[in-house]
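Got two chains here, separate frames each, mind docking them using the hints?
Protein sequences appear in the order of chains U and Y. Position 102 (the first sequence) corresponds to 102 in this note's numbering; numbering is contiguous. Position 34 (the second sequence) corresponds to 34 in this note's numbering; numbering is contiguous.
No lab work stands behind these hints, which were simulated from the structure alone. As the structure is a computational prediction, the values presented were derived from the model and not from experiment. Warning: the hint list may mix true and false statements.
[To be verified] Simulated DEER-style distance windows between Cβ atoms: (1) 122(U) <-> 98(Y): 38 to 48 angstroms; (2) 122(U) <-> 63(Y): 49 to 59 angstroms; (3) 98(Y) <-> 103(U): 11 to 21 angstroms; (4) 19(U) <-> 108(Y): 44 to 54 angstroms; (5) 139(U) <-> 109(Y): 45 to 55 angstroms; (6) 63(Y) <-> 69(U): 18 to 28 angstroms; (7) 114(U) <-> 79(Y): 40 to 50 angstroms; (8) 180(U) <-> 14(Y): 36 to 46 angstroms; (9) 40(U) <-> 109(Y): 24 to 34 angstroms; (10) 169(U) <-> 103(Y): 48 to 58 angstroms; (11) 91(U) <-> 14(Y): 31 to 41 angstroms.
[Claimed, not checked] Straight-line C-alpha distance at most 27 angstroms; calculated DSS-like pairs for lysine-lysine: (12) 103(U) <-> 110(Y); (13) 98(Y) <-> 103(U); (14) 110(Y) <-> 98(Y); (15) 103(U) <-> 184(U); (16) 185(U) <-> 110(Y); (17) 185(U) <-> 103(U); (18) 98(Y) <-> 185(U); (19) 110(Y) <-> 184(U); (20) 98(Y) <-> 158(U); (21) 98(Y) <-> 39(U); (22) 110(Y) <-> 158(U).
Cβ atoms here follow ideal geometry from the backbone N, Cα and C, with glycine treated the same way.
One-letter residues, chain by chain:
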Amino acid sequence: MNPSLTANPPVNPPVATPFFFYGLAAIMIIGGILVITRKNAVHSALALITTLLAQAGLYLMLYAPFVAGVQIILYAGGIMVLFLFVIMLISIERQEKERQFNKQWLVGIVAAGALGGLFIAVYTTTAKGILFPPVGRESYVEGQNTQEIASLLFDMHKGMYMFAFEIASLLLLVAIIGAVVMAKKRI
Amino acid sequence: MHAMMEISTLHYLVLGAALFLLGVIGVLTRRNVVIVLMSIELILNAVNLNLVAFSRYWQSLHGPSALHGQVFAIFIITDAAAEAAVGLGILIAFFRNKETVNVDEVNLLKW
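Isolated chain Y (complex conformation) (with noise of 0.2 angstroms):
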């Protein structure tokens, strides 16, 4: 009984799921750029407990020192900033311009 309450690796890895289709559904549904941008950061931030749970279990099977999964989430955060500053900034560039943030008005380059 003790042993089917315990939390394993999988259910970290159904929550960063749920997490990750939540982010999809606002990527695909949403008109606001920001809080498509928004939903952006909760699909990295999904993979990113991926990670950390993985690196947790290979941590179990090759000792404590075994922290790639926790690196790889660094540099998934880092480039989560990077995306986060271009996004905003061509959202800035693009209201200035036409006076939108919405994702269905943004045709300049359709033709």
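So here's chain U without its partners, still in its complex pose (with noise of 0.2 angstroms):
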């Protein structure tokens, strides 16, 4: 390993955080409007890969590489060519003539006002910017924050999330047994 390189890693200083992130935050708003009012599931799904991409550039910008890259590889270019499967397998063609919302539409969005408000409340009540001070000042070494996380999951002494990852492994498990058999012909 080249010794230079851990000695003394390059840091990133944060450059036009504002432009950026008003940026990011339009393209995810309205990537997140798209995905819950198109017709089309698969004009929603590509939305909803515009608005996980954004959100990963905004996971870069709070010096979270590591799950940036996971949230490119596992959630845009997984789960969602999960979902584009599922939608080739059912028929497009007849949901777009059908209602696309149902009878409780009113009801449903007077409750997320009601939460929204909820949200409104505490952000203004309790928040008001002192509890949390700016972070776009500190910058830390990218290069060293998949050793980080793999120090904090795996190691013997930091690593106080090992036993959380293998629940996670047995909930894999369990999720792709469920899935192959929901997916059998016969059940």
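So this is what it looks like as structure tokens:
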């Protein structure tokens, strides 16, 4: 290993944070609105992929390059391809002609509005910017991010998430078996 | 003036709340099960954004190796993958039996 790389790793200071934040946030909000309003499920899936990629950009701004990579590879690359496969398996043409919203849509919007009011109340009364100072100033070594996460997950002394990791692998095994059983011809 | 322009943790929290609300509206109002599942993915992503933003805040308090929020985000992505696989498997089984993907026609357990 190159000793100069580990001894003095490069630090990238944040550049033009408001510009990138508001741009990516606008992309995410527009993508989210398109997800819940499009008739064609394929269009919704493509809008969701756009939202996920913009969110990966926000993860990079928050000095989380490993989570950004996992987001792109696993979410945009894996889960969304699974969604698109299932959309291909079910017939889209008939879905587009049907009613898109259910009978409780008014109640649903009122409930979501109440939740939004709760969010606004919480963020305007308790937060006020005192609790959460600007995070745009400090910069961290991005090259060590994956290593630090791995030490939290796997290290014998620092790692406190090893048991949770094993349970997650068990969960994935159960999900694989469940998906295979569900998709069988005869259950 | 420059301090006003700076992006704080609260900005990320508000963005996460907006995405969460969009996901809730999608879950509560749409009929197509595929789009309902996609709205659940939106909700999970909003939570992930909050976790990573708080991880950054926690890093500024406890040093660069305090990455618990990012570890949590990875666990949530794992859960989302499992949920999507099982949910879409159930959807395929349902579509094979009833030739529809609308949630208000899912009434096999209703009496």
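Results of checking the hints against the structure:
1. 122(U) <-> 98(Y): 38 to 48 angstroms: 41 angstroms, holds
2. 122(U) <-> 63(Y): 49 to 59 angstroms: The hint (49 to 59 angstroms, Cβ to Cβ) is violated, given that residue 122(U) and residue 63(Y) are roughly 28 angstroms apart.
3. 98(Y) <-> 103(U): 11 to 21 angstroms: Check passed, 19 angstroms falls within 11 to 21 angstroms.
4. 19(U) <-> 108(Y): 44 to 54 angstroms: For residue 108(Y) against residue 19(U), whose Cβ atoms are near 52 angstroms apart, the range 44 to 54 angstroms holds.
5. 139(U) <-> 109(Y): 45 to 55 angstroms: 54 angstroms, holds
6. 63(Y) <-> 69(U): 18 to 28 angstroms: 23 angstroms, holds
7. 114(U) <-> 79(Y): 40 to 50 angstroms: 26 angstroms, violated
8. 180(U) <-> 14(Y): 36 to 46 angstroms: Check passed, 41 angstroms falls within 36 to 46 angstroms.
9. 40(U) <-> 109(Y): 24 to 34 angstroms: This hint holds: roughly 30 angstroms between Cβ atoms.
10. 169(U) <-> 103(Y): 48 to 58 angstroms: Distance hint for residue 169(U), residue 103(Y) is violated at roughly 31 angstroms.
11. 91(U) <-> 14(Y): 31 to 41 angstroms: 39 angstroms, holds
12. 103(U) <-> 110(Y): Judged against 27 angstroms, a Cα distance of about 17 angstroms means the pair holds.
13. 98(Y) <-> 103(U): With Cα atoms ~20 angstroms apart, residue 98(Y) and residue 103(U) stay inside 27 angstroms; holds.
14. 110(Y) <-> 98(Y): Roughly 15 angstroms separates the two Cα atoms, so the pair holds.
15. 103(U) <-> 184(U): 32 angstroms, violated
16. 185(U) <-> 110(Y): With Cα atoms ~24 angstroms apart, residue 185(U) and residue 110(Y) stay inside 27 angstroms; holds.
17. 185(U) <-> 103(U): 32 angstroms, violated
18. 98(Y) <-> 185(U): 14 angstroms, holds
19. 110(Y) <-> 184(U): 24 angstroms, holds
20. 98(Y) <-> 158(U): 51 angstroms, violated
21. 98(Y) <-> 39(U): Measuring from Cα to Cα gives roughly 21 angstroms; hence the hint holds.
22. 110(Y) <-> 158(U): Measuring from Cα to Cα gives roughly 50 angstroms; hence the hint is violated.
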